[in-house]
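Given the structure of chain A, go ahead and fit chain B onto it with the hints provided.
Read top to bottom, the protein sequences are chains A and B.
For the first sequence, my numbering gives the first residue as 1, with consecutive numbering after it.
For the second sequence, my numbering gives the first residue as 1001, with consecutive numbering after it.
Read the hints as simulated data drawn from the structure, not as lab findings.
Using N, Cα and C, we set each Cβ at its ideal position, and we do this for glycine too.
Errors might be hidden in some of the hints.
[To be verified] Only some residues are given here: those of chain B computed to face chain A with a beta carbon under 8 Å: (1) Leu1052; (2) Ala1078; (3) Asn1079; (4) Phe1087; (5) Tyr1104; (6) Pro1105; (7) Arg1109.
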Amino acid sequence: MAEIVLGPASSHTPQPRVTGPRRLVSPALILLCLLSLGLFVWPVVMLGYGAFRTAPPGFGHATWSASGFTATLSNGAVWHAFANSLILSGCTVLISTALAVYLAWTVARTATPLRQVVTPMAVLIFAIPPLFYALSWAMLGEQPVGLVDKALHAVFGVAPLNIQSWFGMIGVSVLGATAAEYLLLLGPFRALDPAFEEASLVCGATRLRSFFQIELPALAPSILGVMILGFVLGMGLLTVPLLLGEPAGIYVLPTAIYRDYQAVTPPDYAGASTLALMLVAMVLILVALQTRLLGRRSFTTVTGKGSRRERLDIGWRKWLGTAVILIYGLLALVLPLGQFVLGSLESYFGVYSHLSLSNYSTVLHASGTGSAFETTLLVAVVAGFGASAMGVWVALTAQRSASRLRRLPDLSVWVLWAVPGITLSLGLIWAYLSVPGLRSLYATQWIVLLALIVGTTPIASRAVAGPIGQISRDLEEAARTAGASGLRATVGILLRLILPAFVVSWFITGIVSSGNLDIPILLASPSNQTVPLLAYNQFNDGSLAQAAATFCLLIGIVAAALALAAAIRLMLRLPARLPGRSR
Amino acid sequence: MSAVELVGLRKSYADVTVLDDLSLRANQGELVTLLGPSGCGKTTTLRCIAGLERAERGEIHIAERLVACPERRVFLPANRRDIGMVFQSYALWPHMSVFGNVAYPLRVRGRDRRERHRAVMEILELVGMDSYAKRQVTELSGGQQQRVALARAMVARPAVLLFDEPLSNLDAKLRREMRREIRDAHDRSGGTSIYVTHDQEEAMTLSDRIVVIRGGKIQQVGTPREIYTEPATRFVADFIGFENLLDATVTEVRDGATGVRLASAAGPVWTSKGISRAPGTQVVLAARADALEIGPLGSPGSPGDGRAAGAAMHGVIRSRSYAGGRVEYLVAASGAQVVVRAPEAGAAALLDVGSQASVRFPADAAVLVADDSPAPSPQAAAPAVEPVPFQGAPDARSPMS
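Bound-form chain A, shown alone:
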């Protein structure tokens, strides 16, 4: 991935278009267009609709009214929450991007010791849901029993750190965001032609000057893209502010939306929708800003002819990199995981004596647990598959179809980037409740499943668009000239080549779905809650140790899946390396 631009996934992978007479619009394309509009655009449209209705959809006697809209916008607390969202998201993005750029540069270019562990670490951190971070750091900083709190007490006598604060919210958000941004930036850093820096050195510039005047600006589109994506996701962040901000009286837009919807009876649908629209407007402004800043300029020439080069020897400064890697690993992985495992073994959270497995047996014997794990597994596997299949279909259509409509599904999916997290859940409620047939799905696990497919399709379409763009049309044409039918060429060659990207996408979206709280928190009912929701409820009830045990079980399953995937990958690679079999 050379460029990260918040835009339709396929726009950066030019493919030779089919020339010759324009094909008729196929039934499959029409179906895909309708499906895209219904799944991706409809909820966003309904969000706007809902802001001006007096009652929830599906409850007949609603009328048009701007009162909810205007009441919300004239509420000072709303603007306060909006400003808080900007601060939280802005600070998080600035700090995490700086850190991610430093880590990506360190890994891609220098000989820093321990650089090899950064990528696996980032993948692991990315795989752990945000709720887990929020929970574990809430526990770590819990006064006076959290591990970090205790440690600070032991060292300083007092604990200067209150995790339920701005400091805690931003800090914990940075830990998660850095991993994701690092993973997105590593590719561009690796793809940057080393000759750029060398040319600058030869011109007489120092290393430092080359970095700031040549390498960083050359990567500006990628970095800016990552920042905007991070900012959008930060604006939609629910879990961290819910667990670490609310107790300190700090509200952001997503928590305000949640409270409007959940904590007030009857739910303030119009108010929540208005808040969501504010979020959408913010995102659209950002995307417009990005387009304006970068224009149509393309820096895709960053991939020059790969020249061999030695890694930079930056002297003593490499130990600084090692220290950053170690501290990051400690804060983002070791401490949260350690606190969770330890917490799950305590009979009561904060009581460090009498460690036992009793929480696990309590959790496992509780009535809701089994069904929560079943629901989560089903939802993760099926939603991941559905989203990835949708992503492949959309990307293939955008890149291979000759019809004018080919870009419509891609654009529809792209619209979803504008409705982060809980906003989407709200839009989906409006959308599904307004359709008579779908209304019966309300409060079942099927609506959660459908919502997760919709919610993770943008990720899936990003993950598969690049690899599909790299599959040369010649390969299919070679199959056709070899005598294969169109269907056979597509299935035997094209889909076979897409398969690895599809599996990766399935895996990513599955993991994201399994840890998602934003969607089940609004759409699931107590009878079909998912594991994150279960853990969140346990946490809210004060059963911290049980929440830890629940989450440890989920993390264990995810870790096992990761290990299994790694093992399968290794096994598939091994035969090629065995002597005698390598051709």
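Coordinates of chain B only, in the frame set by chain A:
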């Protein structure tokens, strides 16, 4: 005065020796080409001069100043060596305009705005790119990018210009054009240039002197004419396009000329070119296909009538192909194959595939070179020396008439 001097340069990656005791001088105002197959160490040499890579041993002097010497812990980084370099990928920074790219070396050197503008526009005019100053470099064609890269390398008037295969990404026509422009630019700058290429034709037309490198060692240094007419070793002869490399034994040395016996020829072949060895020594006879003569067996002049007509070799014609104004024959004699290109002399004079023929070696048509195979270093043997393409029809079996 030497502008660039390398003394005993040595470098290895893991256990592969890339540069092996390499010494070299380039004089002020000279354009010296490092020529060799890929992996021979020519680019590594250039990058060591630039300060982008470090040698393990040896000295590098630029403009009489010691810039690198690991034994004495001297290493001047690239940015302090006063050089300009044109990269294979051009390495134009995509976030800067043409002007911004070319102005950068001056900006780094702290020149003021007005002077910068003047110098940049002057050099852009020199390479014919002044009307493109405001363009983004990503909007330029390959040849235009090449010109901008050249301007950027030259704008600060560095002591040495370095070229790392700058023409390898261009098509043949543009390459010839740019070759002239680079030579022009070099002449006008009056500085010293080191140019790396694997293309012997490029090296011939461009250089004042050519350094042929193989396996990290210098094989031969000479003017293009010297290299072209009198290669020192079998490797250089092969690389420079001698089609025929035949094993031979010295039989006689007389009046500055050497007579050698080929395995399959009647009588000695005489030449005064190339190395001189005592009788009984194994050497290699290198001959270009154009320098040999061919006729049907028993044609007049074919019997060995002394040194003037040259010795003859008998064989069977294996293939015949048209080579643009000439006819190329592949002749199999006992134990050797010989390529001969004869002038096209009408259909009647053509020799048929399968017929017996006699190949003559006129005096001084061939060069004696040292037999240096096998390769001196394992990694030099791996990358194939690019075969010199025969001009004209490649299909040797197609009948001509």
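Status of each hint after checking the structure:
1. Leu1052: holds, 5 Å
2. Ala1078: Nearest chain A Cβ about 4 Å off; hint holds.
3. Asn1079: Hint holds; Asn1079 of chain B Cβ to chain A Cβ min 5 Å, cut 8 Å.
4. Phe1087: holds, 5 Å
5. Tyr1104: Hint holds; Tyr1104 of chain B Cβ to chain A Cβ min 5 Å, cut 8 Å.
6. Pro1105: Cβ of Pro1105 of chain B sits 4 Å from chain A, so the hint holds.
7. Arg1109: With a minimum Cβ separation of about 6 Å from chain A (threshold 8 Å), the hint on Arg1109 of chain B holds.
Hint violations for this structure: none, all hints satisfied.
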